[in-house]
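Residue strings, one per chain:
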Amino acid sequence: MLSARPNLARDVAIAAAVLVILLLLPYVWPSKMINDLVIRVSAFALFATSLNLLVGYTGMVSFGHGMFFGFGAYAFGLSMQRLGVSIPVAFLITIVSSALLGLVVGAISIRLKDIYFSFITLAFQMLLYSTVIAWVPLTGGDQGLMGGIPRPPFLGIDLSIESHRYAFAVTVMVVGLLILRQIVESPFGYTLRMIRDNTERATFLGINVFRAKLTAFMIAGVFGAIGGMVMALFVSGAYPEFVNWTMSGEGIFMIMLGGFSTFIGPAAGALILSVLNDVITRGTEHHGLFLGAVILLFALGLRKGVTDFVADWFRVRREAASRTGS
Amino acid sequence: MNLDALTDCLTSASCLVTQTTSGLIIGMLLFLVAAGLTLIFGVLKVVNFTHGSFYMLGAYFALTVNGLTDSYFLAVLAAAAGVGLFALVFERFFMSKVYGSNVLMQLLVCYAFILILDDAVKIIWGPEFKSMGMATVFQRPPIFFAGGIVPVFYLFLIIVTLIISVALGLIITRTRFGTVVRAAAVNPSMVSALGINTGLVYSGVFVLGGMLAGLAGGLAAPVRSLTAGMGFSVLIESFIVTVIGGMGSIPGALLGSVLIGLVRSFGSIGFPLFVEGLMFMLMAIILILKPSGLLGKEG
Amino acid sequence: MLEVKGLFKSFGGVAAISDVSIDFPTGSLTAIIGPNGAGKSTFFNLISGGLVPDAGSVTFNGTSLVGRSRAQIIDAGIGRAFQVARIFPTLTVEESLLGAVTAHRQRAQNITHRFPLPEMRDRMLEVADMLGLTEKLAVTSANLSHGDQKLLDIALALVLDPKVLLLDEPTAGMGPDERWRMIERVHELWEREKLTLIFIEHDMDIVFKIAPKISVLCYGRLLAEGTPDEIRTNPAVIEAYLGTSHEEAAV
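Protein chains in written order, with this note's numbering: chain A, 29 to 354; chain B, 80 to 378; chain C, 6 to 256.
Looking at chain A on its own, in the form it has when it is part of the complex:
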């Protein structure tokens, strides 16, 4: 009667299995194209899942989440280029600074409700974008961070070697998703769901909604930035496109395509969209036409993400079983 709940042990086991599969993949199916795809999907999976913490779990529709992806890429890239620190230290700097960004932007934006929250997050993102474009001496302007990002070895890991880079990216993704999973299935995660479902009732239960939303915003920001960092490592640079509104748009599309009602939906969406993008770019020069057509098909036809369909199927089965007595 009391429904089975996902526990940490089970999630760790699944994560470990996935990690092993991903690590073995390059040996089973050697292909630079596949490796690159997996690394990119790792970055986007973190980005999209972190956005869904806001959109799917808390009901905060941020139009500007790309700001964290881009900020993470630039913060990491600049730390390595200018501060000459080791990668773990740059990683730490990225996390702390993106948390601060999340704190400042969140504290201002969360006061606004509904569509105005969405607008102001977009405004902040575009402000960051404009700053990146304008502050040429620091960011390289519209050319992006040039000169590559140094990759000094650390702890026996040398990220200038492709196989190390691949392993690092998938490990960061799996561990990152595992941490997000824990957050989402913790009491705090259910507090966020309560806020999403009925904010007023949540306040009547004594929940400090502002503080909860701000915490969620900061966590989402940090993990979005980690995604950006993975991308920066991969392309050895940071580009304005990472901070542009199209990044936010793609994040939202990943969530919708993959499904926002499941935890793994956004990551699935990241995979689907990346493959779709690759296939379309390879197949035709009219990328916009085909991608746009696919999006329309999805928005007007399917209307639900892939994993939403799967989850619905399971739920219908479960509720039918409980009705026939179990």
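Don't read these hints as lab results, they were simulated from the structure.
Bear in mind that the values here come from a model prediction, so they are computed numbers and not experimental data.
For every residue, glycine included, the Cβ atom is placed at its ideal position computed from N, Cα and C.
Hints are not guaranteed to be accurate.
Covered stretches of chain B (in silico footprint by chain A; criterion: 3 or more residues with CB under 8 Å from a CB of chain A, positions within the stretch not fixed) [what the hints assert, rightly or not]:
#1 98-108
#2 358-368
A few chain C positions that, by computed beta-carbon distances, are all more than 10 Å from chain A [said to hold, decoys possible]:
#3 Thr35
#4 Asp59
#5 Asp80
#6 Ile92
#7 Glu100
#8 Phe120
#9 Gly180
#10 Arg197
#11 Phe213
#12 Lys214
#13 Pro240
Once you've looked at the hints, dock chains B and C against the given chain A.
Below, chains B and C alone, put in the same frame as chain A:
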């Protein structure tokens, strides 16, 4: 940052006139676009992210008709009519399907169209920058005004956009259509209970908005270079304008447009790379102090 | 004891509540009745922290509640259920109650453990049992029947361990049989938990059967107070509210 250049300009009569006129042009054209956007939001509660593409289509339609007929005036009319028609199809067959949905679905439909239209434009008209050229009637020496120079075409644009704005105001306040539209913005179920087909009202509002955006595109075509991404910056600016002025308020759109137009023209002197940053800062400030916008209604 | 004295509230010049004073002794069961627009919901809002009165006092066991935040009023022990059930549609009954208990016990921000924390189960089961929801724990709240949703709404209020419970039209939207079942459950709850219970109700049969004390509001004023018999025969109440058919039935 180039503050010296900015102060120099502000103290020079000719620069002041040039920049103010250019700011007004940008503002007035932006107003045509933003008015449509804010109208659509006010009545349908939908943010039409495709609005920039309407503007772009207007410019390209004008280009083609101008090429065929060598008449700027026909070109502008074609732009308005063509985009109006497109807006009708867009609304009836696509947007109306997601009226009740999540705002993210609406955003996706618009995003899809932006992608499709940008590519379509590249396919039909070619990816290179195109220009339309000035109609011969405007190829005259500029007018001297208050110590500065104003091109004849600019004067024409200001007058025409003022006339259109007044006409729009009259349509909204004096005609039956306008009254129905304003009623639908406040209480759609009441309007349909009175036997008025709200679907038609919604289509009408979209067509009006589309025509205005297409008109702006056509009017601006002689002084812009046409390219597939040109709708994007217009979208962003008109979006900023509607937020600053107040979503759903046409007078607010006018105020916001003139403000943004001036920010752009003077800002490009003082902060050439950060002009958009300035606009977003303004938008953020307004959202923080008065989210419903300068002239928008509370709540 | 909850004491309301001289309560006033106007909205834009219209007096919603005028000079209302009612005492609710500890453990009492009071029905608030009155025609539509009498100000009953406004009255609830005023004593539960949803609205600030223009004048007057609301004191609970000697402490003033006026101007306090919702959190403080909840801490003081005032709980409230709503006319339209305010529940969490995507969460199951179990998850909703566990979430509420977790919030009440100040563990709502925890990220280091998995939900639900084991120590919350007992209280959740206790409250579910109080409202007869034990069989329905696995049901998603949106799929509950209307009546069960109202029960869940009350359960969510009870989680907070209130000493005073305000029920805003607990039987709204129900058919006659369901209404009696609901009010019987409410009555049972009142007796078992020794709450001070105040409920707004429109069904006169129910009110006269169940409530030992009735307060009648009309146009924002307290028209009459008393036992069912006193109210039934009060001419002002009859005129304002019940109408002649009931007068004949009462006599």
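How the hints compare with the structure:
1. 98-108: violated (count 0)
2. 358-368: Held - the segment 358-368 of chain B has 6 residues with a Cβ nearer than 8 Å to chain A, which meets the minimum of three.
3. Thr35: Label holds. Min Cβ-Cβ 22 Å, cutoff 10 Å.
4. Asp59: For Asp59(C), whose nearest Cβ neighbour in chain A is about 23 Å away, the distance exceeds 10 Å, so it holds.
5. Asp80: Answer for Asp80(C): violated, closest chain A Cβ roughly 8 Å.
6. Ile92: violated (7 Å)
7. Glu100: Non-interface label on Glu100(C) violated, nearest chain A Cβ at 7 Å vs cutoff 10 Å.
8. Phe120: violated (5 Å)
9. Gly180: holds (23 Å)
10. Arg197: holds (23 Å)
11. Phe213: holds (31 Å)
12. Lys214: holds (30 Å)
13. Pro240: Given that every Cβ of chain A is farther than 10 Å from that of Pro240(C), nearest at about 40 Å, it holds.
The earlier numbered hints that this structure contradicts are 1, 5, 6, 7 and 8.
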